[in-house]
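**Q** Could you put together the complete structure from these sequences and hints?
Each chain, letter by letter, is given below.
Number of protein chains: 2
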Amino acid sequence: MKDFTSPISVKRIAEPTVRRLSLYLRFLEDFEKAGRATISSGELAHVGHTTSAQVRKDLSFFGSFGKRGLGYDTGALTAQIRRILGLDRTWKVVIVGAGKIGSALAQHRGFRERGFDVVGIFDVDPHRVGYMLDGVSISDVKGLEAIVRRLEAEIAVLAVPPEVAQGIATRLSKAGVHAILDFSTEPLKVPADVTVRSMNLAMEMEILSFALANR
Amino acid sequence: MKDFTSPISVKRIAEPTVRRLSLYLRFLEDFEKAGRATISSGELAHVGHTTSAQVRKDLSFFGSFGKRGLGYDTGALTAQIRRILGLDRTWKVVIVGAGKIGSALAQHRGFRERGFDVVGIFDVDPHRVGYMLDGVSISDVKGLEAIVRRLEAEIAVLAVPPEVAQGIATRLSKAGVHAILDFSTEPLKVPADVTVRSMNLAMEMEILSFALANR
Numbered sequence: 046m047k048d049f050t051s052p053i054s055v056k057r058i059a060e061p062t063v064r065r066l067s068l069y070l071r072f073l074e075d076f077e078k079a080g081r082a083t084i085s086s087g088e089l090a091h092v093g094h095t096t097s098a099q100v101r102k103d104l105s106f107f108g109s110f111g112k113r114g115l116g117y118d119t120g121a122l123t124a125q126i127r128r129i130l131g132l133d134r135t136w137k138v139v140i141v142g143a144g145k146i147g148s149a150l151a152q153h154r155g156f157r158e159r160g161f162d163v164v165g166i167f168d169v170d171p172h173r174v175g176y177m178l179d180g181v182s183i184s185d186v187k188g189l190e191a192i193v194r195r196l197e198a199e200i201a202v203l204a205v206p207p208e209v210a211q212g213i214a215t216r217l218s219k220a221g222v223h224a225i226l227d228f229s230t231e232p233l234k235v236p237a238d239v240t241v242r243s244m245n246l247a248m249e250m251e252i253l254s255f256a257l258a259n260r
Numbered sequence: 046m047k048d049f050t051s052p053i054s055v056k057r058i059a060e061p062t063v064r065r066l067s068l069y070l071r072f073l074e075d076f077e078k079a080g081r082a083t084i085s086s087g088e089l090a091h092v093g094h095t096t097s098a099q100v101r102k103d104l105s106f107f108g109s110f111g112k113r114g115l116g117y118d119t120g121a122l123t124a125q126i127r128r129i130l131g132l133d134r135t136w137k138v139v140i141v142g143a144g145k146i147g148s149a150l151a152q153h154r155g156f157r158e159r160g161f162d163v164v165g166i167f168d169v170d171p172h173r174v175g176y177m178l179d180g181v182s183i184s185d186v187k188g189l190e191a192i193v194r195r196l197e198a199e200i201a202v203l204a205v206p207p208e209v210a211q212g213i214a215t216r217l218s219k220a221g222v223h224a225i226l227d228f229s230t231e232p233l234k235v236p237a238d239v240t241v242r243s244m245n246l247a248m249e250m251e252i253l254s255f256a257l258a259n260r
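From first to last, the protein sequence lines are chains A and B. The first sequence begins at 46 in my numbering and counts up by one. The second sequence begins at 46 in my numbering and counts up by one.
These are calculated hints, taken from the structure and not from any lab test. You may find that some hints are simply not true.
What the hints assert, rightly or not - Incomplete in silico selection of chain A near chain B, CB under 8 angstroms:
| id | residue |
| --- | --- |
| 1 | E60 |
| 2 | S67 |
| 3 | I252 |
To be verified - List time: in silico DSS-like cross-link candidates among lysine-lysine, alpha-carbon distance up to 30 angstroms:
| id | chain 1 | residue 1 | chain 2 | residue 2 |
| --- | --- | --- | --- | --- |
| 4 | A | K187 | B | K145 |
| 5 | B | K102 | A | K234 |
| 6 | B | K219 | B | K234 |
| 7 | B | K145 | A | K145 |
| 8 | B | K187 | B | K219 |
| 9 | A | K234 | A | K219 |
| 10 | B | K234 | A | K102 |
| 11 | B | K137 | A | K145 |
What the hints assert, rightly or not - Pairwise CB distance ranges (calculated):
| id | chain 1 | residue 1 | chain 2 | residue 2 | range |
| --- | --- | --- | --- | --- | --- |
| 12 | A | D238 | B | R194 | 50 to 56 angstroms |
| 13 | A | D238 | B | P171 | 46 to 52 angstroms |
| 14 | A | E197 | B | L115 | 50 to 56 angstroms |
Here the structure is a predicted model, which means the values were calculated and not measured. A virtual CB, placed ideally from N, CA and C, is assigned to each residue, including glycine.
**A** In structure tokens:
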């Protein structure tokens with residue numbers, strides 16, 4: 046079996062591949078828990094609703110391939126995908142907006158389990174500032190830049206009203222945040238070295254409504 | 046200006062177009078509030094981060110086009126897009142899972158404002174059953190099918206642990222739900238006439254982590 050330590054060029058991996066890697070990882074972890082030492086591309090294809098050829102292609106991107114008839118070493122492949130996805134380390138996360146969605150996220154077990162460490166929470170409401178959410182005190186958003194820099198936060202979750210999202214995103218970018226998960230409903234303009242992922246609840250509901258209305 | 050009442054074939058509209066229509070709508074509503082009677086494709090392109098040609102193409106899908114130099118009638122275009130997206134009516138929504146995310150969604154102002162009426166909430170935890178969330182009582186998930194059928198719910202929001210998501214999705218499909226917004230982390234298998242949209246928080250965070258790790 047090929048070793049996994051050779052340098053890998055991963056920058057060119059396309060987003061759909063990253064999504065599938067994330068999915069494979071979820072299943073690999075289940076397989077690992079179940080004590081399975083090896084897994085075949087066919088099994089990964091089955092759980093990921095794709096083809097064996099696609100799995101082999103996805104995994105070949107970073108030089109990892111199993112042996113025909115033997116499959117992949119579950120532990121090694123899991124570790125490899127975790128490394129590729131940057132999940133072999135901890136990321137410092139701030140949440141901006143401690144409303145219903147922001148608070149739910151701040152208390153989301155899955156974050157810390159996956160290495161996303163919520164180190165700061167911000168809100169504009171003086172009634173919320175100072176309160177603790179899952180061990181983290183809510184700070185006044187006025188101090189955003191200074192605190193983000195001091196904490197060396199790398200990822201921000203934006204759960205603020207749409208009309209202030211752009212302003213906050215700009216401030217976060219200037220304070221050194223290079224990754225934003227945005228729950229607001231309007232597209233953000235950020236510098237080229239900042240990655241934004243959008244969780245647009247309204248848009249997803251409208252896509253469902255469109256599908257129902259045009260069945 | 047062409048009238049908007051002619052029958053339109055919208056089934057073939059691709060998802061990226063639906064996403065842009067949802068975005069245009071957001072801006073059109075802002076323009077409407079600001080009292081603007083007309084809007085140009087260039088203005089829509091600017092706010093939607095796209096091109097005038099793309100806007101004209103998107104809007105031509107359903108036979109709506111402005112006049113060069115005059116632009117689109119803001120009110121008529123807004124009404125037209127709302128109709129296309131199925132937002133000219135109310136949809137009955139149930140939320141399954143009254144944990145942190147489910148509760149936050151149940152109390153989400155935006156839902157009702159956009160015509161998504163939360164009529165039922167379900168949970169498996171006897172300590173939650175019977176409690177009210179934003180005027181809706183939490184029901185035991187045992188009664189899911191019967192209540193969904195009685196309420197004639199059309200959309201379900203799934204905010205349950207990943208290991209039970211598939212089972213609930215299957216039950217919802219059998220009870221007549223044709224649209225599911227899924228917050229769990231594993232892909233769902235549903236009948237062909239059920240549309241699923243996935244809000245996979247873990248996956249989005251992993252895409253960010255990947256981007257940061259491979260900068």
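**Q** Hint by hint, where does the structure go against what was stated? Just the numbers, ascending.
**A** none
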